[in-house]
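Participant: Construct the complete structure from the given sequences, taking the supplied hints into account.
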Amino acid sequence: MEFDLRKAINAISDVVQNRPAPIREFDQIYMKVADMVIQAEYVARVFDNKDVVFVGDGDGIALSAAHLKAQDVINYGPKSITLLDFDERIVNSVRRFGEKLRPKIEVSAYLYNVAEALPPEHFGAYDGFHINPPWGASNDGESVIAFFERGGQATKAKSLGIVVIADDPDLPWTQEVLRDTQNRALELGYVVSELLPQLHFYHLDDAPDLRSCSCLFRRIDPDRMHKTSQPLEPARLDNFYGKNNPLRFRYVRERITLNPDRESEQLYRLEKLEVNNERRT
Amino acid sequence: MSDALEKSGLIFMKVGLHAQESIEDIVKRKQREFEETGSIFWGYGGNTCHPFSMVQPFAKEMEESGNQVLIVMQKMNSKHAAPPEIAKQYSDDGVTWQPIPKGIEVRGSRYAMVLDELRVEEFDLDLGELQVGVGPSRGRKGDQYLMGRVDKGCFLYTPQQVPTTQDEKNVTSIGLVARVKSPYAVLLKT
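Chains as they are written, first to last, in our numbering: chain U, 544 to 824; chain G, 39 to 228.
These are calculated hints, taken from the structure and not from any lab test.
Predicted, not measured: the structure shown is a model, and the values here were computed from it.
Only true hints are included.
Straight-line alpha carbon distances no greater than 27 Å define the calculated DSS-like cross-link-like pairs of lysine-lysine that follow:
1. U:K770 - U:K593
2. U:K786 - G:K179
3. U:K786 - G:K98
4. U:K786 - G:K45
Facilitator: Right under this line is the structure:
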């Protein structure tokens with residue numbers, strides 16, 4: 544791969560500027576910008592000319608891959624991207640940004656919570672999926688597997704899936720979740736096609752050294768595909784964000800403001816400049 | 039450390055000047071609040087002890103296993119000069135908000151731990167014998183976790199399996215202790 548790094552970082556900077564602030568209780572922890580460049584280019588390469596669904600994407604990797612292509616930083620990338628996310632702020636910000644990319648790439652975004660069955664229009668509709676779910680530090684990877692299953696349901700028989708999850712050899716839970724995810728992927732008819740270890744850093748104040756890997760899965764056994772999509776069983780919701788930390792909310796709703804791309808007016812006030820008129824005369 | 043402490047879930051926190059009020063004055067005010075209301079709301083900030091993703095799951099797991107959760111605080115010099123905005127409402131689930139109970143005042147904080155009686159107790163704690171009990175750093179040793187900008191966290195006591203020399207220990211002095219009680223930690227807003 545060869546591309547102009549400055550143009551790439553500036554393109555990703557546009558996406559970062561567009562993102563709403565992360566909400567930590569939902570594990571919205573944003574990837575650092577240089578690693579977004581790496582991941583977005585990788586996604587664009589793997590999913591070149593394909594229809595891709597992102598099941599959750601607070602980081603903005605979907606828009607980043609699309610924007611790199613639309614800005615001609617790279618000459619490959621997805622044909623279309625579709626985002627399914629439970630945070631209306633993210634859905635709306637992707638729609639706003641996506642309109643500007645439309646001549647070159649189709650971008651759409653919909654409200655969806657993985658606890659619910661996948662809407663029929665998304666079932667088996669895409670060539671590939673991308674997830675960077677809550678990493679399952681205290682729930683044996685349950686949240687990762689739930690997102691993986693939704694990605695699998697949203698894709699066609701011959702498809703790929705990129706899974707971004709924690710990968711730190713010094714933290715046993717990350718390796719256990721990686722193992723359990725691969726086990727479940729095998730049961731669902733996938734094999735690991737490629738694994739880029741310890742690839743990304745995050746704005747994570749209590750674990751600044753914690754990295755994630757990018758694991759590419761290829762479906763080889765379509766007979767194991769789910770025939771329908773069902774809501775998650777209540778027991779799977781109980782420890783969704785960690786032990787005793789259930790999935791309780793359907794959606795994060797956006798408070799409508801007149802300036803969605805600007806600082807909230809509640810966070811600042813204006814103070815007038817007092818002009819000395821005597822000095823003017 | 040006592041047996042009770044070693045079996046407890048431990049929330050470690052460095053405390054000092056907060057919202058322009060000295061720690062001594064805060065302790066006196068909080069002890070008065072406990073006498074009047076039977077509870078203390080101990081204000082704090084930072085995601086390492088986020089009420090929903092860290093403190094509540096950690097505390098529920100400890101109580102399910104028949105153990106209590108204690109907050110152990112190290113007094114330190116601090117320059118926390120945030121404006122002393124007083125919280126008016128709290129929520130233990132992010133949806134339902136209630137007025138802060140009469141007699142309780144929390145200043146300059148986004149979150150609060152809900153505590154029982156606040157006791158002045160002095161003892162040494164080896165941070166190397168703590169292990170992060172919840173969240174993405176689960177399993178990391180306390181002395182490695184409490185570096186740089188991290189000044190609080192939820193821990194389990196895990197004695198060193200290999201004897202350590204005094205030089206290898208990372209001992210800190212604890213000055214304040216309280217039991218954390220349900221709902222353990224809450225969000226605040228003005």
